[in-house]
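Could you put the whole structure together from the sequences, leaning on the hints where they help?
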Amino acid sequence: MLFTGYTTEFLEAIFAIIFTFLWDLFQLLGGKTFITLVPHRVQTMLNLLICFGVVVGSTINKFTTFEHIDIPEHFFAGYIAAAGSYELAVIIQSRQPKDKKLSPALAAMFGLAFSVMLLTGWEFYEFTMDRLYGLNLQRSGFNTEAGLIDTMTDLIVGTAGALTGMFITAFSKAGFFKKKGKKK
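Here the sequence shown is numbered in the numbering used here, starting from 87 and rising by one per residue.
There could be a bad hint or two in this list.
Now the in silico label distances, taken between C-beta atoms and shown as ranges [claimed, not checked]:
(1) Ala191 with Asp216: 33 to 41 Å
(2) Met195 with Gly261: 33 to 41 Å
(3) His126 with Thr214: 30 to 38 Å
(4) Arg127 with Ile100: 36 to 44 Å
(5) Phe138 with Ala260: 26 to 34 Å
(6) Pro125 with Met195: 38 to 46 Å
(7) Lys264 with Ile100: 37 to 45 Å
(8) Lys264 with Leu234: 37 to 45 Å
Since the hints were made in silico from the structure, they are not lab data. For every residue, glycine included, the Cβ atom is placed at its ideal position computed from N, Cα and C.
Quick look at the structure:
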């Protein structure tokens, strides 16, 4: 890709490779970082999102007319960000004294707020890349509201994913999805 003029795609691929193996890279540093405490389930979800977003999403957008691939991408990004942020809150709180327990509701609210912040940061990234490098990540046109509509749709869909991820993660951590044993 680098030699055929697809520099952006080349950088996306490098980013995807590095980010996919982030946990492994941190474990090479001796396992002394908080990232090694994040459950493998979150890493797997993140890897699937990267594969879907970078590989499938970029390919579909280049070679087909399917324009709405970013809707499921932003939904699942919000979901994964909320699940990962919940785990991050638990990890941060685990360094506190044992008598201070973390409320699942508080961890869920942190997960939601942090994931919405990440979604907003991604939209900042899209805007910056469009302006600096002439990309069209926000699908903005001259004298149209397409870029605004794309950005707001991305934020709304991502927040819906984050809400879904927050509730599913909080309820599963609280034990709502466990099968109850048969009473004799």
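Verification of the hints:
no.	hint	verdict
1	Ala191 with Asp216: 33 to 41 Å	holds, 38 Å
2	Met195 with Gly261: 33 to 41 Å	violated, 19 Å
3	His126 with Thr214: 30 to 38 Å	holds, 32 Å
4	Arg127 with Ile100: 36 to 44 Å	violated, 26 Å
5	Phe138 with Ala260: 26 to 34 Å	holds, 29 Å
6	Pro125 with Met195: 38 to 46 Å	violated, 20 Å
7	Lys264 with Ile100: 37 to 45 Å	holds, 41 Å
8	Lys264 with Leu234: 37 to 45 Å	holds, 44 Å
In summary, the structure is inconsistent with hints 2, 4, 6 from the numbered list given earlier, while agreeing with the others.
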